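Chemist: Using the sequences provided together with the hints, build the complete structure.
Spelled out, the chains give:
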Amino acid sequence: MKKRGQLTFWMMISVVGAILVAYVLANIAVEWGTGSIFVKSRLARQVALEINSLYAVPGNSYIINENPYNFSISLKDNEVRVFQDNDMIVGTASYLFIKSGNQKINLNLRYPEYIVISKINGKILLSDKVDDFFKDIIKAQNFKDSKILIFANPQLDINAYELAELIVRGYNKIFQEIDYGYKPMDSYDAVLSMHSTADDFASIYVNKKSPKYAESLGLAKIIEKELSKSSIQTELNQIEQLDGNLKEALDNDKLAVYIKIPSSSKRIEIGKSIYSALEGYSK
Amino acid sequence: MSINKRAEVGSKIIFYMVFAFIATVTAGLLVYIITSEIAGISKIPPGLEEYLLVKRFTYSKDCFVDESTGIISWDKFTDITLRDCYNTDSNSVKAFRLSLSIIDSNGKITEEIDSITTENYDGFFTKKIEKDIEILKDSKTYAGKLTIYVENENK
Chain B
1 MKKRGQLTFW
11 MMISVVGAIL
21 VAYVLANIAV
31 EWGTGSIFVK
41 SRLARQVALE
51 INSLYAVPGN
61 SYIINENPYN
71 FSISLKDNEV
81 RVFQDNDMIV
91 GTASYLFIKS
101 GNQKINLNLR
111 YPEYIVISKI
121 NGKILLSDKV
131 DDFFKDIIKA
141 QNFKDSKILI
151 FANPQLDINA
161 YELAELIVRG
171 YNKIFQEIDY
181 GYKPMDSYDA
191 VLSMHSTADD
201 FASIYVNKKS
211 PKYAESLGLA
221 KIIEKELSKS
231 SIQTELNQIE
241 QLDGNLKEAL
251 DNDKLAVYIK
261 IPSSSKRIEI
271 GKSIYSALEG
281 YSK
Chain S
1 MSINKRAEVG
11 SKIIFYMVFA
21 FIATVTAGLL
31 VYIITSEIAG
41 ISKIPPGLEE
51 YLLVKRFTYS
61 KDCFVDESTG
71 IISWDKFTDI
81 TLRDCYNTDS
91 NSVKAFRLSL
101 SIIDSNGKIT
111 EEIDSITTEN
121 YDGFFTKKIE
131 KDIEILKDSK
141 TYAGKLTIYV
151 ENENK
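Here the protein sequences line up with chains B and S, keeping their order. Reading the first sequence from the start, the letters are residues 1 to 283 in our numbering. Reading the second sequence from the start, the letters are residues 1 to 155 in our numbering.
In case anyone wonders, no lab produced these hints; they're calculated from the structure. Computed from a prediction, not measured in an experiment: that's the story for all the values here. A portion of the hints provided could be inaccurate.
In silico DSBU-like cross-links for lysine-lysine, where the CA-CA straight-line distance does not exceed 35 Å [claimed, not checked]:
1) S:K131 / B:K76
2) S:K76 / S:K145
3) S:K76 / B:K76
4) S:K5 / S:K76
5) S:K108 / S:K61
6) S:K61 / B:K123
7) S:K61 / B:K76
Label pairs and their calculated CB-CB ranges [said to hold, decoys possible]:
8) B:D85 / S:S90: 40 to 50 Å
9) S:K108 / B:E113: 21 to 31 Å
10) B:N70 / S:N91: 30 to 40 Å
From the three backbone atoms N, C-alpha and C, an ideal C-beta is built for every residue, glycine too.
Modeler: So, in structure tokens, the structure goes:
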């Protein structure tokens, strides 16, 4: 026969256990019911894809994500995890990326305002700091929700921009069906990007739907001086690759700059001259 | 036990059985609706991840691309380079086998490296991608083809 004290002890254990189980179940139910788990999963996948993309960019580059849902994030080894302090089960919102090289990755950000992922000299870095230049862009866009801006740093060659463009398009594909605030690139007021297409053409353009923003972002200098229409036109005449649509776009100010370069050697040569003209842009 | 009590117990069992059935169906429906409606936000478009990973092979200087020219280097196309630039042994991610060939003006393969694999490649590819590329070998540029076999396509 059990003593009275023993009965009370086991009853307390049972009650505490039951409360814990109920709390975990309620927490999971809320996560699923509010869709929070899916938003976390999306962010984890998004960051993992971004890291994979950065590894493919030949030069140094970085991607800025806003974090409107106020999640924490960790990168450990080859896994991205997104979580909050009150998560009962950690690791449900996670996704794998594939490392390049032997970097030991163990990075954490607690409730950052921005999630800035960069690849500098082959190493993946995580930061919540956005330089003023990019902060201005984000403010200028009046972002209310999660947005992504991707700029590849023109350190090595033109392919960095191609990938940046590719990533932007990829993310358009991801988010166009989702009402989570991501807008197609055309909706940005000023986006600088560069890409080369599969047929070995390279192009650079500055979208200047809003001259005001272009000026505030330091793009005006590029548009008006170093890469003025006349200088671009000269380049284009030299290359003799201007097609009708492109000309129309230039004339209508939809594109400020657009260059097609037909060969690899020419591409690198002209690309380098563009980079030097763009140096002021990233400062 | 009286007949009334037996009937009462019987009706309780039927009630619980019906309740359990309805609760299960409702829970199942809820899970289905929630997952189909909300889960879409975390869905990656088919092919995007693979597309980005393949870019690593064709553009990254940590992989096969020559530092100075930006062209795929014949000498860098090795298992060691691949396993360093695609550093995983996990079967939960995509695996790749790659081969590289130099092609003459008649479209015939004159030289080939067949093949190199990522560490997690088990030999069962489900997709083949071919890319026309330039190859740098002995300081000369050749027309070539990069063939990529993808395993775990849907992971």
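Chemist: Against each hint, give a clear statement of whether it holds in the structure.
Modeler: Hint check:
Using a Cα cut-off of 35 Å, the hinted pair K131 of chain S and K76 of chain B holds, with the two alpha carbons roughly 33 Å apart. Distance check on the hinted pair: K76 of chain S and K145 of chain S sit about 15 Å apart at the alpha-carbon level, within 35 Å; holds. Taking the CA atoms of K76 of chain S and K76 of chain B, the gap is about 29 Å. The hint holds against a cut of 35 Å. Under the criterion of a C-alpha separation no larger than 35 Å, the hint pairing K5 of chain S with K76 of chain S is inconsistent with the structure, at around 85 Å.
Taken as a hint, the K108 of chain S and K61 of chain S pair is honoured in the structure, with Cα atoms around 28 Å apart against an allowance of 35 Å. In summary, the hint linking K61 of chain S to K123 of chain B is supported, as the alpha carbons are separated by about 13 Å, within the 35 Å threshold. Under the criterion of a C-alpha separation no larger than 35 Å, the hint pairing K61 of chain S with K76 of chain B is consistent with the structure, at around 24 Å. Range check, D85 of chain B to S90 of chain S: Cβ separation about 28 Å, and the 40 to 50 Å hint is violated.
For K108 of chain S and E113 of chain B, the hinted distance range of 21 to 31 Å is not satisfied, since their beta carbons lie about 58 Å from each other. Take N70 of chain B and N91 of chain S: their Cβ atoms lie about 34 Å apart, and the range 30 to 40 Å holds.
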